[in-house]
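Trainee: Listed here are the chains, written in short residue letters.
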Amino acid sequence: MATGAAQAWRISENGAIRASPAAVAVRNVTKSFPVTLSIAAWVRYRGAVPRRTVLHDVSFEVKHGELFGLLGPNGAGKTTLLKTLATLCIPETGQVVISGIDAAKQPMAVKEKIALCSSEERSFYFRLTARENLRFFGSLAGLFGGALEARISDVASLVDLSSALDRRYDTFSSGMRQRLAFARALLGDPDIIFFDEPTRAVDPLHARTLRTFIREELTSRRHKTVILATNSLEEAWGICDTVAIVHNGRIVAKGAPHVLDMEFTRCLRYRITLESAPPSLIETLERVSGVRRITLQEALNGVDLSVELEPDGHAVNSLLAALTASGVMVLGLRSENPQPLDVFAGLTHDGTN
Amino acid sequence: MFKRDAALALSYDWEFWSTWLGLVIQVLSFYFISRLIAPSPKYGFGGQAAGYFQFVAINLAFVRFQSTAVVCFQTAIRDDQLAGTMEAIMATPTSLPIIVLSRGLWAFTLTLMQVVVFLLMAVALGLNLTHVNLLSAATFTLLTIACMSPVGVMAAASIMIFKRGAASSFIMGGMTQLFGGVYFPVSTLPHVLQYVSWLMPITHALNGIRGAVHGATVVQLAPDAVWLAIAAIVLLPISLWSFSRAVERAKIDGSLGLY
Chain A
243 MATGAAQAWR
253 ISENGAIRAS
263 PAAVAVRNVT
273 KSFPVTLSIA
283 AWVRYRGAVP
293 RRTVLHDVSF
303 EVKHGELFGL
313 LGPNGAGKTT
323 LLKTLATLCI
333 PETGQVVISG
343 IDAAKQPMAV
353 KEKIALCSSE
363 ERSFYFRLTA
373 RENLRFFGSL
383 AGLFGGALEA
393 RISDVASLVD
403 LSSALDRRYD
413 TFSSGMRQRL
423 AFARALLGDP
433 DIIFFDEPTR
443 AVDPLHARTL
453 RTFIREELTS
463 RRHKTVILAT
473 NSLEEAWGIC
483 DTVAIVHNGR
493 IVAKGAPHVL
503 DMEFTRCLRY
513 RITLESAPPS
523 LIETLERVSG
533 VRRITLQEAL
543 NGVDLSVELE
553 PDGHAVNSLL
563 AALTASGVMV
573 LGLRSENPQP
583 LDVFAGLTHD
593 GTN
Chain B
2 MFKRDAALAL
12 SYDWEFWSTW
22 LGLVIQVLSF
32 YFISRLIAPS
42 PKYGFGGQAA
52 GYFQFVAINL
62 AFVRFQSTAV
72 VCFQTAIRDD
82 QLAGTMEAIM
92 ATPTSLPIIV
102 LSRGLWAFTL
112 TLMQVVVFLL
122 MAVALGLNLT
132 HVNLLSAATF
142 TLLTIACMSP
152 VGVMAAASIM
162 IFKRGAASSF
172 IMGGMTQLFG
182 GVYFPVSTLP
192 HVLQYVSWLM
202 PITHALNGIR
212 GAVHGATVVQ
222 LAPDAVWLAI
232 AAIVLLPISL
242 WSFSRAVERA
252 KIDGSLGLY
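Those protein sequence lines, which keep their order, are chains A and B.
Residues in the first sequence are numbered consecutively from 243, following this note's numbering.
Residues in the second sequence are numbered consecutively from 2, following this note's numbering.
Only chain A is shown next, with the shape it has when bound in the complex (with noise of 0.2 Å):
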């Protein structure tokens, strides 16, 4: 499937029919749950149960072949998001549209389009073997006889679990589990795939080996588009071409990952190699405008300083003055990229979550 071949068209408000260059399209999206279901509080409120909001008028784009990741800590709204653009939830106000389709207006259409692989384990029959659930699933997804069966062993062999297709899920380890939701959101070749913390119930080498999948195989190999939520710094910084951050039901950051190491940066880091230390010297930086913190480690040939400073960029030359003037011996100055946890602190830590 050839980059840009899946680009869909629309009719704009005026009539005129234009290319639609976004395979997802969230315009305004605002969801909110009622607080408890009971009869008795439908009863006493007279219908109009409290709401809690957990999407607060969320609007993005994702383009055609893009892996893009959402990212946000636990209870940030990633999964109510990727269920609203799976049609599993209706939004209050706001506008889905997959491929040029209104999800609202055609459910089917775009659910045709589409898959959802969430790390749920619970999404499958525990007593049924692999075979027969990919079996159910792919039914579903509309494939029947021959074609189903080529399909299942496409995809299996796909994740490598051609070997356990005739064993019960229940026998499945987290890592099979796992790759099984793979492959049934591969079964129906579905252009676009919401992937839910795939990774969260995993070993870290599992992880890598699934990370790498979506962005080798399903990204760049078969050109699908992604959207990954996660709560995985590496995850998004590590394999997304966009990273949404998502906190509180909003989106408060949105770019390629180095572009939001610069934009949202909260300190520079440097690591200054030092000849020796005296010892009231790291007293003695810590006085220096713009200098916030300061650890000294020994290091094979002398002395590591790795020093956090005010972003603004004058502090690196109050420090080196301060260090000349103490008369110590400067062998080695190396900027450390800013980390991705300053970024996402720094723009979702609230002290609620």
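Any given hint could be a false lead.
Unchecked claim - With a straight-line cut-off of 27 Å between C-alpha atoms, the simulated DSSO-like cross-links for lysine-lysine are:
(1) A/Lys305 to A/Lys355
(2) B/Lys4 to A/Lys355
(3) A/Lys355 to B/Lys252
(4) A/Lys347 to A/Lys305
(5) B/Lys4 to A/Lys347
Source of the hints: derived by calculation from the structure; they are not laboratory data.
Based on these hints, arrange chain B on the given structure of chain A.
Mentor: Frame of chain A; chain B shown alone:
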């Protein structure tokens, strides 16, 4: 759906085989009960006298279709909620009518097998099926399924919203026992309550089946057949509409995956 439901049912082998044992116990129990009751025209068809076993065995066999219709759809929805597969199913491009109605395929197939086995055992114990009009019997079986399934789909809709709904099965089962003519003829009831019986689909279904067993044609059984057909035509679209609205409500409330 059929293969999945069959595989799941057979995976719980103790439950599967114990229901067959229950079948044997039921037919034997009512056989011995019937030996205490004298034959009467009330138990026959068209004024002919018949034994109580001839009356009740047919009823017990075919009321299973109603029970299945009322229970299978809501059980299927509840099972998917508990298993966690509901959202995965709803995310597929399969229409809601197919998702819900196909849950009856295995259930009714199993019920048909149970009815056949029940009747074979009853024949061995003296049930007379030599005059059966097969076309009438098949017609009323299909009409019973078509008429009662919408009730089951509406029960499934309530499960989608309220997550538990044993009351509807209990109420329907109790009403059937009391007013449906299962254990005793409807004519035994006070005249006023016979109107309640007339309003119940199972009454017409069992009238038709008993008539079919005694050789009556579909034309002869037309009043009951027409009643069931009209009920099916009216109830089916209402039930599917109610189910789709229930799913929509669950999506608005975010309760699709809850149980």
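Trainee: A/Lys355 and B/Lys252 were given as a pair; does the straight-line alpha-carbon distance stay at or below 27 Å?
Mentor: Status holds; Cα separation ~20 Å.
Trainee: Would you check the hint for B/Lys4 and A/Lys355, treating anything up to 27 Å between C-alpha atoms as holding?
Mentor: holds (26 Å)
Trainee: Taken at face value, is the distance from the CA of A/Lys355 to the CA of A/Lys305 at most 27 Å?
Mentor: holds (15 Å)
Trainee: For the pair we were handed, A/Lys347 and A/Lys305, check the Cα-Cα distance against 27 Å.
Mentor: Roughly 22 Å between the alpha carbons, so the hint for A/Lys347 and A/Lys305 holds.
Trainee: Is the straight-line distance between the alpha-carbon of B/Lys4 and that of A/Lys347 27 Å or less?
Mentor: violated (32 Å)
Comparing the model with each earlier hint shows a violation of hint 5 alone; every other hint is respected.
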